[in-house]
Amino acid sequence: GAVVSQHPSRVICKSGTSVKIECRSLDFQATTMFWYRQFPKQSLMLMATSNEGSKATYEQGVEKDKFLINHASLTLSTLTVTSAHPEDSSFYICSASAGTEAFFGQGTRLTVV
Amino acid sequence: GESVGLHLPTLSVQEGDNSIINCAYSNSASDYFIWYKQESGKGPQFIIDIRSNMDKRQGQRVTVLLNKTVKHLSLQIAATQPGDSAVYFCAEIAMNRDDKIIFGKGTRLHILP
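Those protein sequence lines, which keep their order, are chains Z and R.
Every letter in the first sequence is one number past the one before it in my numbering, and letter 25, counting from 1, is 25.
Each number in my numbering corresponds to the 1-based position in the second sequence with 1000 added.
By construction, these hints were calculated from the structure, which means they are not laboratory data.
Because the structure is a prediction, the values reported are computed rather than measured.
Mixed in with the good hints there might be a few duds.
Said to hold, decoys possible - Here are the computed lysine to aspartate or glutamate pairs in the EDC-like style, where the Cα-Cα straight-line distance is at most 20 Å:
(1) Z:K14 / Z:E52
(2) R:K1042 / R:E1015
(3) R:K1100 / R:D1017
(4) R:K1068 / R:D1049
(5) Z:K64 / Z:E52
(6) R:K1100 / Z:E59
(7) R:K1105 / R:D1031
(8) R:K1100 / Z:E87
(9) Z:K14 / Z:E59
(10) Z:K41 / Z:D27
(11) R:K1042 / Z:E22
(12) R:K1100 / Z:E63
(13) Z:K64 / Z:D27
(14) R:K1042 / Z:D88
(15) Z:K41 / R:E1039
(16) Z:K55 / Z:E22
(17) Z:K66 / Z:D27
(18) Z:K41 / R:D1049
(19) R:K1105 / Z:D65
(20) Z:K14 / Z:D88
(21) R:K1100 / R:E1015
(22) Z:K20 / Z:D88
(23) R:K1056 / R:D1031
(24) R:K1068 / R:D1084
To be verified - With beta-carbon atoms standing in for the labels, derived distance ranges:
(25) Z:S18 / R:K1056: 41 to 51 Å
(26) R:E1015 / Z:R10: 39 to 49 Å
(27) R:Q1045 / Z:C13: 25 to 35 Å
(28) Z:H85 / R:G1016: 42 to 52 Å
(29) R:Q1060 / Z:K41: 26 to 36 Å
(30) R:P1113 / Z:S5: 42 to 52 Å
(31) R:N1053 / Z:C13: 40 to 50 Å
(32) Z:S5 / R:H1110: 22 to 32 Å
(33) R:Q1060 / Z:T80: 21 to 31 Å
Said to hold, decoys possible - Facing chain R, according to a computed beta carbon distance under 7 Å, are these residues of chain Z, among others:
(34) C13
(35) S15
(36) A102
(37) G105
Glycine residues also receive a C-beta, built at the ideal position from the N, C-alpha and C atoms.
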């Protein structure tokens, strides 16, 4: 099946710094990528939908200036958590869409100290 | 907006028994449904899907049932194995609208030895 690579798998950063998470579709072109956030023992919450070459569409309550999404090519989308704070600590997962199927990255565990 | 997940309910099943995981979806316009399995620290894995023109679909040891009248989805796992222990999420998609994957709250399945 299709492979989506998400990097890094774990990151610890200091409060106030920015962190970039990459999501790559390795063997297919993904016109749409989705970014999710998952709190411990909870479901995945959609943060934003990213279309190649255009601005991301953010879900209600998600700060677009805080969570910068760039989808510069058909195989790469990035999520940058700007000026991270401890409450941004979470598990972030990307998903790349190929037609009717969606493939998930392995997730990034972000810890802000 | 997206539903915020509560703490995940847990279903404990004896190894070898059958398990049924239930899910209520929210959008009557959703026409494509997927069950995902998520192991600790990993991204969701596709298990089985069903379109709204069907009410039942079978895979290997898994069956998905869809009741559109009450907006209910279930996942049946036959002859459970230790490797089935995971969190299971249903997801709904409104094709031809925005293709966003909206996840249900999730259920933790615990297989007892």
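Kindly indicate which numbered hints from before are broken by the structure, ordering the numbers from low to high. 1, 2, 3, 8, 9, 10, 13, 17, 18, 19, 21, 24, 26, 30, 33, 34, 35
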